[in-house]
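Here the structure of chain A is known, so what remains is to put chains B and C in place on it, guided by the hints.
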Amino acid sequence: MTDTNELIRLSAAQLAQKLAAGEVTSVEVTQAYLDRIAAVDGGPRGVHAFLHVNTEEALAVAAEVDAIRAAGGAAAAELHELAGVPIAVKDLIVTVGQPTTAGSKILEGWHSPYDATVVKRLRDAKMPILGKTNLDEFAMGSSTEHSAYGPTRNPWDLDRIPGGSGGGSAAAVAAFEAPLALGTDTGGSIRQPGAVTGTVGVKPTYGSVSRYGAIAMASSLDQIGPVSRTVLDSALLHQVIGGHDPYDSTSLPDPLGDLVAAARLGNVDGMKIGIIKELHGEGYQAGVENRFNESLELLKQAGAEIVEVSCPNFKYALGAYYLIMPSEASSNLAKFDGVRYGLRVLPKDAPLTIERVMGATRAAGFGDEVKRRIILGTYALSAGYYDAYYGSAQKVRTLIQRDFEAAFAQADVLISPTAPTTAFKLGEKLNDPLAMYLNDVATIPANMAGVPGLSLPGGLADEDGLPVGIQLLAPARQDARLYRVGAVLESLLEAQWGGPLLAQAPALATSVVEPVETLETQEAK
Amino acid sequence: MSVDATLSFEEAMEKYDPVLGFEVHVELNTKTKMFSSAPNVFGDEPNTNVNEVDLGMPGVLPVVNRTAIESSIKIGLALNCKIAETCRFARKNYFYPDTPKNFQTSQYDEPIAYDGYLDIELSDGTVFRVEIERAHMEEDAGKLTHMGGSAGRIQGADYSLVDYNRSGVPLVEIVTKPIQGAGSRAPELAKAYVAAVREIVKNLGVSDAKMERGNVRCDANVSLRPHGRERFGIRSETKNVNSLRAVEHAVRYEIQRHAAVLDSGEPVIQETRHWHEDTRSTTSGRAKSDADDYRYFPEPDLVPIVASREWVEELRATLPEPPAERRKRLQADWGYSDLEFRDVVNAGVMDEIEETIAAGATATVARKWWMGEIVGRAKNADVDPGQLGVQPATIVELNKLVEDGKINNKMATAVLDGVLAGEGTPAEIVEKRGLAVVSDDGPLLEAIDAALAAQPDVADKIRAGKLQAIGAIVGGVMKATRGQADAGRVKELILQKLGVEG
Amino acid sequence: MAAINRDDVAHLARLAHIEMSADELDRMAGELAVIVDSVKSVSEAAGDDVPATSHPIPLTNVFREDVVGHTFTAEQSLSGAPDAYEGRFKVPAILDED
Numbered sequence: 065m066t067d068t069n070e071l072i073r074l075s076a077a078q079l080a081q082k083l084a085a086g087e088v089t090s091v092e093v094t095q096a097y098l099d100r101i102a103a104v105d106g107g108p109r110g111v112h113a114f115l116h117v118n119t120e121e122a123l124a125v126a127a128e129v130d131a132i133r134a135a136g137g138a139a140a141a142e143l144h145e146l147a148g149v150p151i152a153v154k155d156l157i158v159t160v161g162q163p164t165t166a167g168s169k170i171l172e173g174w175h176s177p178y179d180a181t182v183v184k185r186l187r188d189a190k191m192p193i194l195g196k197t198n199l200d201e202f203a204m205g206s207s208t209e210h211s212a213y214g215p216t217r218n219p220w221d222l223d224r225i226p227g228g229s230g231g232g233s234a235a236a237v238a239a240f241e242a243p244l245a246l247g248t249d250t251g252g253s254i255r256q257p258g259a260v261t262g263t264v265g266v267k268p269t270y271g272s273v274s275r276y277g278a279i280a281m282a283s284s285l286d287q288i289g290p291v292s293r294t295v296l297d298s299a300l301l302h303q304v305i306g307g308h309d310p311y312d313s314t315s316l317p318d319p320l321g322d323l324v325a326a327a328r329l330g331n332v333d334g335m336k337i338g339i340i341k342e343l344h345g346e347g348y349q350a351g352v353e354n355r356f357n358e359s360l361e362l363l364k365q366a367g368a369e370i371v372e373v374s375c376p377n378f379k380y381a382l383g384a385y386y387l388i389m390p391s392e393a394s395s396n397l398a399k400f401d402g403v404r405y406g407l408r409v410l411p412k413d414a415p416l417t418i419e420r421v422m423g424a425t426r427a428a429g430f431g432d433e434v435k436r437r438i439i440l441g442t443y444a445l446s447a448g449y450y451d452a453y454y455g456s457a458q459k460v461r462t463l464i465q466r467d468f469e470a471a472f473a474q475a476d477v478l479i480s481p482t483a484p485t486t487a488f489k490l491g492e493k494l495n496d497p498l499a500m501y502l503n504d505v506a507t508i509p510a511n512m513a514g515v516p517g518l519s520l521p522g523g524l525a526d527e528d529g530l531p532v533g534i535q536l537l538a539p540a541r542q543d544a545r546l547y548r549v550g551a552v553l554e555s556l557l558e559a560q561w562g563g564p565l566l567a568q569a570p571a572l573a574t575s576v577v578e579p580v581e582t583l584e585t586q587e588a589k
Numbered sequence: 178m179s180v181d182a183t184l185s186f187e188e189a190m191e192k193y194d195p196v197l198g199f200e201v202h203v204e205l206n207t208k209t210k211m212f213s214s215a216p217n218v219f220g221d222e223p224n225t226n227v228n229e230v231d232l233g234m235p236g237v238l239p240v241v242n243r244t245a246i247e248s249s250i251k252i253g254l255a256l257n258c259k260i261a262e263t264c265r266f267a268r269k270n271y272f273y274p275d276t277p278k279n280f281q282t283s284q285y286d287e288p289i290a291y292d293g294y295l296d297i298e299l300s301d302g303t304v305f306r307v308e309i310e311r312a313h314m315e316e317d318a319g320k321l322t323h324m325g326g327s328a329g330r331i332q333g334a335d336y337s338l339v340d341y342n343r344s345g346v347p348l349v350e351i352v353t354k355p356i357q358g359a360g361s362r363a364p365e366l367a368k369a370y371v372a373a374v375r376e377i378v379k380n381l382g383v384s385d386a387k388m389e390r391g392n393v394r395c396d397a398n399v400s401l402r403p404h405g406r407e408r409f410g411i412r413s414e415t416k417n418v419n420s421l422r423a424v425e426h427a428v429r430y431e432i433q434r435h436a437a438v439l440d441s442g443e444p445v446i447q448e449t450r451h452w453h454e455d456t457r458s459t460t461s462g463r464a465k466s467d468a469d470d471y472r473y474f475p476e477p478d479l480v481p482i483v484a485s486r487e488w489v490e491e492l493r494a495t496l497p498e499p500p501a502e503r504r505k506r507l508q509a510d511w512g513y514s515d516l517e518f519r520d521v522v523n524a525g526v527m528d529e530i531e532e533t534i535a536a537g538a539t540a541t542v543a544r545k546w547w548m549g550e551i552v553g554r555a556k557n558a559d560v561d562p563g564q565l566g567v568q569p570a571t572i573v574e575l576n577k578l579v580e581d582g583k584i585n586n587k588m589a590t591a592v593l594d595g596v597l598a599g600e601g602t603p604a605e606i607v608e609k610r611g612l613a614v615v616s617d618d619g620p621l622l623e624a625i626d627a628a629l630a631a632q633p634d635v636a637d638k639i640r641a642g643k644l645q646a647i648g649a650i651v652g653g654v655m656k657a658t659r660g661q662a663d664a665g666r667v668k669e670l671i672l673q674k675l676g677v678e679g
Numbered sequence: 012m013a014a015i016n017r018d019d020v021a022h023l024a025r026l027a028h029i030e031m032s033a034d035e036l037d038r039m040a041g042e043l044a045v046i047v048d049s050v051k052s053v054s055e056a057a058g059d060d061v062p063a064t065s066h067p068i069p070l071t072n073v074f075r076e077d078v079v080g081h082t083f084t085a086e087q088s089l090s091g092a093p094d095a096y097e098g099r100f101k102v103p104a105i106l107d108e109d
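Protein chains in written order, with the working numbering: chain A, 65 to 589; chain B, 178 to 679; chain C, 12 to 109.
Just chain A, same shape as in the assembly (with noise of 0.2 Å):
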């Protein structure tokens, strides 16, 4: 029996570990995680990561593979290395039997009647749902402000934003109140929030993760991903959500290979690893800069060669996506309208139509990012414009796309700072639009180009303390180099450190008498 306090703060992987040996059962891991929610989570302080906990549905999920593993045989042989290893669920993937928002007001209170292709998958693997966590609404968002239900805190400083738009996912990890969660990233909203947050969060390459079930923003750039304290967990996560589905017709055919066996490969003798130009220096914290710097001189003393590469269009690449995303979202949301779920608002005044009420409707159930991207989308796709903005804005993925190819025929895997800065602080950008989008100026061109990323802490920035990621890419359907780097690195950096970087978070007040704050007090307020 391991202390609780201890317990929360092992990987999965340390996690899988205990529970195949027996030496914990997943009710008890459970319901540590889900007392350190009670304890975090809630409360005008309180990290908010979670929309919804799902205590009784995830104790039961647990309390079933204990049962499975206490009487043995071939079911027990049979059950998957995380089986009992829970996890948290960004509120843009649906699930049956939790309500799913998208963070937005105009899917308050809906139920999905069907799974997600990876919630199915978690489900096989028997890993028990600790909830729904927080999102910029619709995952439009880099902050987790434009939730319409509150923003979550970063735990280095709850003064301070999360990242986004999973900012949920990535403080409940880093907050200690899941082990892994699941992330989507459409332009940086997994690795952002895991830089700023000193947590690993991966985009899989296009494709290798099912995207049925992820409520969408931007079709064409929209990934679903892990969220972990580890390269290894990340790794082992990607395992269990990644694979072909028949349900996603962009889905890619064939696997990927092990990724975990990549993970603990730990090997970069030899390999060549590229910095891009474009994605460093101006524009850039110097806390940013000398962290990135330290990562690449580990990396050179491990064995692998530093080169310099160009990507001269990446710097095209922020106004491109400015254009795709707005576009697909606008018609990806067009769904939203007060018919069929959600959210119905009448008119104030006559004629009661139907058009009206659709107005109605979503001027009420979207926020204001959610419109001005609308408008925008609605704009760049508009008659007369298609060809300079959407148009361009297509041909600009090709010279991305370009620009990787060019990349990777000189280094195997690509490195930048994964943000420009650590995290900023709640309300600080959120009346500047312009500002708060340059925060996803080096993670867009891997969803531009549907090559996979990673990012990984890199220590904490010189002027404020605050944690530094560092982003790893690699050319399509390569995911495994950027587990075989990042846990090279990862290790070279805790040995640095004397321990994972987490550690050296400030402890959280904890509260037991405050209670949960989660869609259901709220709305019972």
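A couple of the hints might just be wrong.
Once the Cα atoms are required to be at most 20 Å apart in a straight line, the calculated SDA-like pairs of lysine to any residue come out as [claimed, not checked]: (1) C/K51 with A/T462; (2) A/K493 with C/R38; (3) B/K269 with A/D451; (4) A/K184 with C/G80; (5) B/K320 with B/D275; (6) B/K643 with B/K674; (7) C/K101 with A/L416; (8) A/K412 with C/A33; (9) B/K269 with A/Y449.
Simulated from the structure, these hints should not be mistaken for laboratory data.
Same frame as chain A, now just chains B and C:
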């Protein structure tokens, strides 16, 4: 609803030259929807032939039905189209409650089939070539029912109910190039074109092709220009034209309406018109405006379709014989004269006759019933003959009743009317109405005795061998039995009675 | 490239079916003008010879066999409906027919 002015068709033709265009939507009869595995079935409980994809639930993604693609390629080939080596789906964005995603997944600048033609034979044997612009794939919408207000009409309805069972049913939209030079044959050509498309898709087996069920739906574009002018006039698009006769009537009506508008010196408004079968006229839908900015873009949730030449040729090899060849074969098989066969085709009952023959009737019997009885009734009822409600089996059954001597031809037509009135099967109606031919000789013999007694001089003539005089006695018997006797049997019995060899 | 003004935003809001107050239209026009200005370099980035990329990882011919799968009961279909009547979704009157 104001009534629009019209010119007579003759006057319209004298002054103007019509240009037509058609968009025919064909519902494919695949087992499942275009993009989901829910069943493609007509007429079930509302909202039960759907899953999360058809309802446009958050998070869903489409997956293309392979059979729908193959059916579309077959249609393209049968329309003499080129099949695109690569094509894509696109999203057509517009809000409407029958469209669950508020965009329709369709094809825009990359249709699967393009540049085809169809040779249409008119009633006098003239062949008119209609050029096909494109045939593209898309999905059907759900069904709206307007409640309250004026029954069933959208105007003044209090609310509407939506059933998404039809949502996602695969459609192929066939678009013609502008059809010029039809002149006064335009309405006839319109009907013949839609009939030809229907025949093709039915023949291919890719659609149930029932217009009354909306399997084949036609939007008809009409514009007029003064004779001799190159430039097209402004067109109207008449929607909801869902029978062959309606296509002909709608085109004729729109020509007459446009002519009246142009004659008054006003410009024709480019707009959608709605066809009303009851008044045989169109009413204004809504004008085309900048609201029609559909913001098409390539569907990012689907990948391109590459139709390899091998695949296309494989599909071409499976095509049934083309309708023109089929007609030749059927005419030869049935032994109809050219005139008889053309009448059958023009009456639009070729398929029905084929089905009736397949059900067990001879070619002569099938033609006798369809051409002699049903076509006339359909005309009176103002519907296409196939839609009157006569099943091939009904005709076979009726014919058998006659051949077995159970009823005579006169009764059979009455029974047919009974079937159409919904009174039951022919056998049931014969039973119910007590229509059976009197075959018990007892009552007949009585009636014969009475008739002979009433006309002793005629009886003598017959005895003397003047057999043609027998008609007067038979007539008396038939009158007495109110036509329910079998005239042949009556004749036999009279001769027997009088001891004369027939 | 044309600047985006208040009337444009009003038109776009109509297309997107989002009611907006006068204040919102003004604010949105200002914000969008800045964003549109920042993305305009995109239209000059690539020449005519550069093909468009709509999918990051090219795949073709992804099909489903024509085999019936799961369906919902009417109850499931309507489970999240704001309003329903006799197995169907109920919506207020529609004046403009397409």
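Of the numbered hints stated previously, which ones are contradicted by the structure, given in increasing order? Hint check: nothing fails, all pass.
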